[in-house]
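Asker: Each chain is listed here by its residues.
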Amino acid sequence: MSMQSGVLRQGPEKPAGQPVSSQAPPSRGQPAAIRADHVSLVMTAGAGGDPPKEILRDITLSVGRGEVVSLIGPSGCGKTTFLNTVAGLEEGYEGSLEVLGDRPSAGRAEVGYAMSRDALLPWRTASRNVELGLEARKMAKKERRELARDALERVGLGDHLDSYRAQLSQGMRQRVALARTLVGNPSLLLLDEPFAALDAQTRVLMQEHLARVLTEYRGAVLLVTHDIPEAIVMSDRVLVFSQRPAHVSKEFTVDVPRPRSIVKMRSSSAFASLQDRIWSELAQGEEGR
Amino acid sequence: MTLSDTDTPVAGGSITERDRSRVPNAVWVWVIRIGFVLAVLLSWQETATHNLLNPIFTGSPSGIYTAFIGLFKTSIVTTDLRVTLDETLIGFALSIIIGLTAAYILNSSSTLEKAFRPIISGANAVPRIALIPLFIIWFGLGPDSKIANVVSFVSFTVLVNSLEALKSADRDFWLLARTLGFSERQRIWKFVVPGAVPVFGATFELALIYSFLGAVTGEILGGINGLGVQLETAANQVQTNKFFAILLLIVIVTLIFVQIMHLIRVRLMTWHAIEMRGQG
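Here the protein sequences come in this chain order: A and B.
The opening residue of the first sequence carries number 1 in the numbering used here; numbering runs sequentially from there.
The opening residue of the second sequence carries number 1001 in the numbering used here; numbering runs sequentially from there.
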């Protein structure tokens, strides 16, 4: 596979407040993978009598089919909540939200969801853990097993099919979890800080790995991360969330064709400058508190 | 670029120096174990032969051995052992069914659980032995009152431990189950119950021992047949050797059943052994 040392150009920045979704996603006559129009979310008072919390305010964005978009923002700003809303885990939002042309709902086969903790079942082997991703659908056992093996081979764990969780390193566990997310061949991947639990070195290796897996993947990806370099190397666009209540404060386009060489990309000067600008955008958000 | 450099499997690997010094020497374990038992038996035998203690009250290992062999020529093994086993196993099975069902129901409704918590704690605090005379009034001197006794001894333990095991399920599993599209029932069966198997196993082993205890205690306090009845008779007639022989029989039978349970548990939990070993 040719690793192009793509020129890292930055797309036009859009000031906050403007409708970010004006940039048409590269759709081929299909509806966008995610289309959020003025989505707001207020968490009502809990049992403890806490005051209602405004988490999301007027979030407008879209993710096209085949596009990888990162959400980055200060910790606790609500990016995970937004991801969970898209996944159908949070209800009671206002505004309009379409996920693959439908209202969001949990447990859709065409949506894959992964979190930073691998959540592997310790009593199942790697391949049986991957099969879990298919068990909610009607599918013959044999077919499930074959798909699970394929998925594990794709993440480079073809010779660990029968290993239990305790026999795998943290990086391998994360890859099993990734295989479990990919095995159903979803059209949309929702990744919530998928590498946050890993040490720095393993994280970079996993990013390489995910980048390689994504070159064969035709669906859309929404990646929540707090790691700026990760957001840049993985995505076509980086959306910066403000402090809570979160809205999209800025959008950056990473104009490097995929597949990319993460190592080469990281050492380019354009990467450094984009990283600086995202960083200062985040820092501004912190000050404006 | 490969991932293999930092991604070595972790379990089943080498034992570190520190661990090795903690691995017990198998030969010494057996020397100490057998030595201790022999020392106790020998000094017991000697005190009996030399009348240091009255053998009518203390018995002697050789006397117990003779009495134990003698048991197999009596109806104690053919009738009483069977009665006790029936009571124990039926009571055990009922307790597991009652305890698990109650735990499953309480786990599925936090309202019910909250309502019943103090009631269960209160009922569990009742000294169960005190109920035996009542069970005899209700169910008679036969096996039924012993089964009731076993159930009252064991089902609460099963309920409390199983409920705890069901509730300790990982929150991440709940999230995963939802995003993968599993129903609430599937979630319990696929994500919660298998993880609770180690606790279930330990609970069942304990429950089995308590079932024997419940049956024998019930028989001692009043019954027609059973090893407890025979224990009581032997004690009343000051047949100390026979008393110990029956006790030995109870211990052996209990251990056989507990060992069977243990083997089943180990077979079901290969993963658990690996998990325990793997964390180093």
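A few of these clues could be false.
[Said to hold, decoys possible] Short derived list, chain B residues pointing at chain A, Cβ under 7 Å: (1) Thr1058; (2) Gly1059; (3) Leu1176; (4) Arg1178; (5) Glu1184; (6) Trp1271; (7) Ala1273.
[What the hints assert, rightly or not] A few chain A positions that, by computed beta-carbon distances, are all more than 10 Å from chain B: (8) Gly107; (9) Met115; (10) Pro122; (11) Glu135; (12) Arg144; (13) Glu146; (14) Ala166; (15) Thr253; (16) Pro257; (17) Arg266; (18) Trp279.
Hints in this document: simulated from the structure, not taken from any laboratory.
Idealized CB from N, CA, C, for every residue including glycine.
Asker: Tell me, in ascending order, the numbers of any earlier hints that this structure violates.
Answerer: 1, 2, 5, 7, 8, 9, 10, 11 and 14
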